[in-house]
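These protein sequence lines map, in sequence, to chains A and B. Using the working numbering, you'd call the opening residue of the first sequence number 29 and step up by one each time. Using the working numbering, you'd call the opening residue of the second sequence number 735 and step up by one each time.
One or more hints might be untrue.
In silico contact screen, one side only, chain A against chain B (beta carbon under 10 angstroms); selected entries [to be verified]: (1) L111; (2) G115; (3) A174; (4) L179.
Label pairs and their in silico Cβ distance ranges [said to hold, decoys possible]: (5) A:R222 - B:F748: 50 to 56 angstroms; (6) B:G915 - A:A61: 43 to 49 angstroms; (7) A:R205 - B:R781: 45 to 51 angstroms; (8) B:V889 - A:A201: 18 to 24 angstroms.
Far from chain B by the CB rule (all over 10 angstroms, computed), these chain A residues [as the list claims (entries may be wrong)]: (9) V97; (10) P100; (11) R222.
The hints are simulated quantities; they were obtained by calculation from the structure and are not laboratory data. Cβ atoms here follow ideal geometry from the backbone N, Cα and C, with glycine treated the same way.
Residue-level listing of the chains:
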Amino acid sequence: MSASVRRLAPALLLLVAPPVLAHTETALAGGFASGFLHPLAGGDHLLAMVAVGIWGAVLGAPLVWLLPVTFPLLMVMGAMAALAGLGLPAVEPGIALSVVVLGCAIAAFWRAGPPAALLVVAGFGFLHGYAHGAELPAAAAPAAYACGFVLASGMLHVAGIALGTVRAVPRGAAVLRVVGGAIAVAGAWMLLGRPGWA
Amino acid sequence: MADASMPGRLSSDFQFVLDGAIFVLQSPLALAAALVTCVLLASVTARTAVVRALAFALIASVGGSMAPSLPAQAAVPAALLVLGLTTACGLQLNGPFAGLAIALGGLAAGWAGGMQTAAWQEAMGGGVVLGGLVCGLLLGLLGLRATPARFALVVSVGRRVIGAWIGALGALLLALVMRAGAG
Chain A
29 MSASVRRLAP ALLLLVAPPV LAHTETALAG GFASGFLHPL AGGDHLLAMV AVGIWGAVLG
89 APLVWLLPVT FPLLMVMGAM AALAGLGLPA VEPGIALSVV VLGCAIAAFW RAGPPAALLV
149 VAGFGFLHGY AHGAELPAAA APAAYACGFV LASGMLHVAG IALGTVRAVP RGAAVLRVVG
209 GAIAVAGAWM LLGRPGWA
Chain B
735 MADASMPGRL SSDFQFVLDG AIFVLQSPLA LAAALVTCVL LASVTARTAV VRALAFALIA
795 SVGGSMAPSL PAQAAVPAAL LVLGLTTACG LQLNGPFAGL AIALGGLAAG WAGGMQTAAW
855 QEAMGGGVVL GGLVCGLLLG LLGLRATPAR FALVVSVGRR VIGAWIGALG ALLLALVMRA
915 GAG
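For reference, chain A alone in the conformation it holds in the complex (with noise of 0.2 angstroms):
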């Protein structure tokens, strides 16, 4: 064995190792992490979350901060009303409608006023919301997981935002055009029960 391989071996080793976590309120399942994994595993809350910050790119102000910060208030009451047991049908299928149809808007440059968009991403809102709400008692931190599903989802926002200011580029309203509309076929996928998907 090289030197070298002597050397790295340990650090290969730490790779492979479970990890030891002594503080049960970050580790147990339904902590941080978890809660900060959420949103970035879930491909109908990741693109809605990013879909909603290139939108607001593409509104332009006050609508480029009016809809993300509408999005996590909405939610907020969303989760309230799960938490206080209300029933509401088709909530995935809503949440795939909210992907086709942010999809849609992106692509289509649809320059909706204020009301027409914050009706739009209010309701949205309220269904990701509701079905993060049914969620949280189950998890084992509550505090912990919605603090990591909070930052997951606000950094999407803003990378989503980051992403709608490559408008300003040559080009760059085709190439939104385009991810809008892998966006929305993506969302047409989930609302038809992810064909193919095993």
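Based on these hints, arrange chain B on the given structure of chain A.
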């Protein structure tokens, strides 16, 4: 003659300081309180940033040492809600209002540290970590003033988004606390 147990006591004190720092680093709510306070403050000068960070650290230490005697479970989310919504409105505080925000954010961060024994060394450890974090963030935000115009939009909207999300987090946790209280 030097006390024979002095090195042991110093080691024990240092362990407490380290414990306090680790408690705070493991508390997402304490980190959220520090973050939202930073984005709410208007960037002024590097010297002001350091003074503000020192004030935040001191208040967080005081908050950490009194945590067990306060209804922190509801107070921390309420503070996050107020600070978050103020940030989401696009306000950037200066002068006495900045002082109020530092006081509220520092207390919330200290309470959220979750220290059970609240020894002064632990409170100090938590305060040092939070002060360092706030100092780094405030200096980083000061540096962002030099960003190109295209990214200035992202920075400005990013502040509002962070505020909205942290405010929303506060509202959600407040609802959970009230639900637990009602149940």
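### Task
Take a look at whether the Cβ-Cβ distance between V889 (chain B) and A201 (chain A) falls inside 18 to 24 angstroms.
holds, 23 angstroms
### Query
Can L111 (chain A) be said to touch chain B, with a Cβ gap under 10 angstroms?
Holds: closest Cβ of chain B sits about 6 angstroms from L111 (chain A), inside 10 angstroms.
### Task
For the range 43 to 49 angstroms, tell me whether the beta carbons of G915 (chain B) and A61 (chain A) fit it or not.
About 28 angstroms separates the Cβ atoms of G915 (chain B) and A61 (chain A), which means 43 to 49 angstroms is violated.
### Message
Less than 10 angstroms between beta-carbons is the criterion; does L179 (chain A) satisfy it with respect to chain B?
### Response
This interface hint holds because 8 angstroms falls under the 10 angstroms limit.
### Query
Between R205 (chain A) and R781 (chain B), is the Cβ distance one that fits in 45 to 51 angstroms?
holds, 48 angstroms
#### Entry: Assertion that V97 (chain A) lies farther than 10 angstroms from chain B (Cβ)
violated, 4 angstroms
### Task
Hey, is P100 (chain A) genuinely clear of chain B, shortest beta carbon separation above 10 angstroms?
Violated: least Cβ distance 4 angstroms, not greater than 10 angstroms.
#### Entry: CB-CB spacing for F748 (chain B) and R222 (chain A) relative to the 50 to 56 angstroms hint
Check passed, 54 angstroms falls within 50 to 56 angstroms.
### Query
Non-interface claim for R222 (chain A): all C-beta distances to chain B beyond 10 angstroms?
holds, 28 angstroms
### Task
Would you settle whether the hint for A174 (chain A) is holds or violated, based on the nearest Cβ-Cβ distance to chain B being less than 10 angstroms?
holds, 6 angstroms
### Message
Restraint: G115 (chain A) near chain B, CB-CB cut 10 angstroms. Satisfied or not?
### Response
Violated, because the Cβ-Cβ distance from G115 (chain A) to chain B comes to roughly 17 angstroms (cut-off 10 angstroms).
In summary, the numbered hints that this structure violates are 2, 6, 9 and 10.
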